[in-house]
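J.: Residue strings, one per chain:
There are 2 protein chains.
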Amino acid sequence: MKNFYISKSRRVRSTPFTSRIEKQGVKNYTVYNHMLLPTTFSSVEEEYIHLKKDVQVWDVSVQREIEISGVDAHKLVQLMTCRDLSKSKIGNCYYVPLVDSNGGMINDPLIYKLKDDLWRVCIADSDVLLFAKGIAAGKNLKVNIFEANIDTLAIQGPKSFKLMEEVFGTVINNLKFFKYDFFTFKDNKYLISRTGFSKQGGYEVHLEDIKSGQALYDHFFNIGKKYNLKPGAPNHAERIEGGLLSYGNDMLIEDNPFECGFERYIHLDTGVDFLGKENLIRIKAKGIKKKLMGVKIETNKLNLTDIHLLNKDNEIIGDLRSAAYSPEFKKIVGIAMIKTKYFDNKQNFKMIINGKYIDGKICELPIT
Amino acid sequence: MKNFYISKSRRVRSTPFTSRIEKQGVKNYTVYNHMLLPTTFSSVEEEYIHLKKDVQVWDVSVQREIEISGVDAHKLVQLMTCRDLSKSKIGNCYYVPLVDSNGGMINDPLIYKLKDDLWRVCIADSDVLLFAKGIAAGKNLKVNIFEANIDTLAIQGPKSFKLMEEVFGTVINNLKFFKYDFFTFKDNKYLISRTGFSKQGGYEVHLEDIKSGQALYDHFFNIGKKYNLKPGAPNHAERIEGGLLSYGNDMLIEDNPFECGFERYIHLDTGVDFLGKENLIRIKAKGIKKKLMGVKIETNKLNLTDIHLLNKDNEIIGDLRSAAYSPEFKKIVGIAMIKTKYFDNKQNFKMIINGKYIDGKICELPIT
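Respectively, the protein sequence lines represent chains A and C. Here the working numbering is used: the first residue of the first sequence is 1, the next is one more, and so on. Here the working numbering is used: the first residue of the second sequence is 369, the next is one more, and so on.
Wrong hints could be hidden among the right ones.
What the hints assert, rightly or not - List time: in silico DMTMM-like cross-link candidates among lysine to aspartate or glutamate, alpha-carbon distance up to 20 Å:
no., chain 1, residue 1, chain 2, residue 2
1, C, K507, A, D273
2, A, K142, C, E646
3, C, K507, A, E278
4, A, K277, A, E263
5, C, K391, A, D306
6, A, K211, C, E666
7, A, K23, C, D674
8, C, K579, A, D306
9, C, K370, A, E22
10, C, K709, C, E683
11, A, K139, C, D440
Source of the hints: derived by calculation from the structure; they are not laboratory data. Computed from a predicted model, the values in this text were never measured in an experiment.
Please put together the full structure from these sequences, using the hints given.
T.: Rendered as structure tokens:
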């Protein structure tokens, strides 16, 4: 595939770390939430191997945080998701499908409950701010909604624990998976969660102050050599294998949360009020016709920018949503939306890549 | 400035013309409404000169069209904008500021009224779909809202009229500025508007069928040589000089429509109901403190990806939102948000570029 340059502008915002990662040799960007997201420093394959072995710092400032506060904050957050948040606790992070009135997926954020009347919605790539503002205006809710000036660094990989311990002390080891708390470095307090878009373990540091955020970034790299720390980015092959979904790639507004495998986050019987509830009840009763599954494809190169259909016996059985070369499986791994007729069996399929039929196989997510 | 590659994925959608423009030598992309927007084929300067002299076809499929239909369609469209649409006519295009409850800008689309209960909102770079869905859900409106499968080609430049006449016949000459109608080429009917993001004249063809759209694209280039037709893209220098604003560059949610110079589209006294009306009344009574103006800057290179402040006598008088080298003025032209204390005078200012003080001057928009 030919390479093309990215045109920068103010509309495609830089982050507080852009100048640093450019000095560190970033090669590629994508755009996510109207902001630059670095994607490659060396190659996806090299970074995959490094991520599973050592530790990386990722500039994921693109994970914009929509702050919702005020007496109706809980009500508004609940209206946007089918996951029951009535028993939600301060200090917890909640992965939630956001759905529209039809029950279609509009985002899959992590929600941080800071107080009963103060929430942060840490979003995937769609303007949840405008959705929240629309609902609030329509229902006359007493809320304040804005995109917070927060930039996020993800510290990911097996050595992230030792690196973070050196910076924030052993107290950080008490932080459990999908919890957040406040930790101190050089008199600055940071909100840190044990989260991140990889399966290799680690943290996300939510930075409200640019100067101390940049100082922390530099400190990581000052002390990082002994952990073989490198700058990195969410790794498609690793996250596909791990079954971590990417909104806009794997799922869109045309897909409902049942089809995306989110059954455990769909609470239709607990009495909470949210958009699309009636339609999700109807969808559940009727049963779904397609579902996201893993796939393995017998090739080592696939540039996925368009629709790729999967075929079996002259029938279309699904379409490929994400794909990347896995150094572990030595073939392409992917996520595909598969017709229900086929998703409960480990089916083989064929697909056309560059005019040739290539073999593939459906598998579970995560891919093992 | 160093160049970086763009990473493609399904999340950053290609258009039906992507493979064609890549064969035609596109060099740069940006991302706009989660889709690829070509930005340069040769250089902004060369394309500026060509656009003002000949004719270009632009792949502006990124101008996504949000279709709103149903008995409450007019009501919903009106709720989103401060421009009174009560006397709007089928066949007209309406440039409208969309505002949130605070009166902040969230988009500046062109709205096409197709029927009383069928509208298309042709959007700038923010998810108006989600805003519309939120309001509709909050107010229980009877509407159907979705992103239409429409891709747009803009035919821009002084020779666009002759080119379009050759394709669609002399009947196209009857189409007036900011009107749309249906025209036929090879048995296919196309919705065409006399609109476009340049001041050089031309049309936008709204394509609902990919195959006939691609055939039309190829036909343009088959016959285009005598008009010196070239592929192109919205040209920053040309649009800045013309005073055409870019959402995300020149204005954001922190700016209100008065500050963006949209007074003639703010109807506070006509009795129509829209979001943010009370706040816009309050803002008008208090008076604004900043306003978008043109600027000329005495240099020939300025990469605008960050905040650039304008100074006068040790005071910050505004910030630069867009900038490009103008082959006509032989200097940088730009759009800046200027404090009201300074905007009614043709003030000089200084700004720091690469550590040096550079002189600039405030001027009206369009820049002449």
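J.: Could you run down the list of hints and mark each one as holding or not?
T.: Here is what the structure says about each hint:
no.: 1; hint: C:K507 with A:D273; verdict: 15 Å, holds
no.: 2; hint: A:K142 with C:E646; verdict: 16 Å, holds
no.: 3; hint: C:K507 with A:E278; verdict: 17 Å, holds
no.: 4; hint: A:K277 with A:E263; verdict: 13 Å, holds
no.: 5; hint: C:K391 with A:D306; verdict: 17 Å, holds
no.: 6; hint: A:K211 with C:E666; verdict: 31 Å, violated
no.: 7; hint: A:K23 with C:D674; verdict: 17 Å, holds
no.: 8; hint: C:K579 with A:D306; verdict: 16 Å, holds
no.: 9; hint: C:K370 with A:E22; verdict: 9 Å, holds
no.: 10; hint: C:K709 with C:E683; verdict: 11 Å, holds
no.: 11; hint: A:K139 with C:D440; verdict: 16 Å, holds
Checked against the numbered hints above, the structure breaks only hint 6 and satisfies the rest.
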